[in-house]
Amino acid sequence: MAITFGGHALTVPLEVQQAEVDPPISFRLDVMPVFMKSGCNTGSCHGAASGKDGFRLSLFGFDPEGDHYRLTRELPDRRINLATPEACLMIEKVLGVVPHSGGKQFDLDSPRHKTLMRWLTSGAPNDSGDIGRVESVDIYPPGAVLDGDGATQQLNVLATFTDGSTRDITSMAVFMSSNGTSATVDEAGVVTAHARGEAFLMARYETHTVGTRFIILPKGLKYEDPKTPEFNFVDTFIHNKLRKLRISPSEICTDEEFLRRVYLDIVGVLPTLEEYNRFMTSTEEKKRDLLVDELLGRKEFVEIWVMKWAELLQIRTTQQVTYKSMLRYYNWL
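If you count the sequence shown from 1, you need to add 2 to reach my numbering.
Keep in mind that a hint or two might mislead.
List time: in silico DSS-like cross-link candidates among lysine-lysine, alpha-carbon distance up to 27 angstroms [claimed, not checked]: (1) 54 - 116; (2) 54 - 106; (3) 301 - 229; (4) 288 - 301; (5) 301 - 289.
Simulated from the structure, these hints should not be mistaken for lab results.
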């Protein structure tokens, strides 16, 4: 296979074997993804703790053995009928032929419908013990920048199994976006750019969830790297992110702005009049660095950051933590 792009070329050798052999269908790897892709095993549908409309699936497919039992043997011949697979209740509900609180999920002869029919016509088998398990899932590209509203990018999802084999599972993965204002993704994995911003695109298959970061920029944005000096590794991370977003760093703030911000950020209080005058009249070249070191040594720094960490970690008496244990935890912080 030859690949060319932007004046570059790459040749990849391919070998195809057993193309005429149709691999046996897997309940875990083929059928369960149909339920996940259709939203059947989510918490708002049959994946709820008590199920829905008398039928329950494990949440996000975490119990395939139990799901196979509930589909095939919990109510024999009600949910599936191997004698007339095309007329069984499960198929008629997802096609919208009979009333279904979840509505129509897919069309006749769609890939998902064909998968379920192939499983039913094969006798609705469960997986044998030697079936490969999903070891990891990867999403490609691992990151991207899209220029302009309407720009698109196809996501591809690859699963690696415990037997060493790999499989393209893009068509079976469930896709989600963390920020639909900036980027949306359809069920085929095509990302579409919208407003400027950043979004994490996620893909879920079986019990694995992976993500990739997309940055959306205005079309034709003019940007020139200002080559801002860096004083520590934090600056390096911030400047790298700003470059990706094509945003120039803000100008250095005034001494007065710096004084107010550094006091509120480090010790949570405003400077006194004496502290204000001392800093503003100082001619020391490194007075900002010296002030940061001074504030880090004050008791208010310890108190406010202990409070913030205690709030983040949510250690409270309502969580059956004794007052004595909580006090020890507070002192440790």
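Hint-by-hint comparison with the structure:
| no. | hint | in the structure |
| --- | --- | --- |
| 1 | 54 - 116 | holds (25 angstroms) |
| 2 | 54 - 106 | holds (16 angstroms) |
| 3 | 301 - 229 | violated (37 angstroms) |
| 4 | 288 - 301 | holds (23 angstroms) |
| 5 | 301 - 289 | holds (21 angstroms) |
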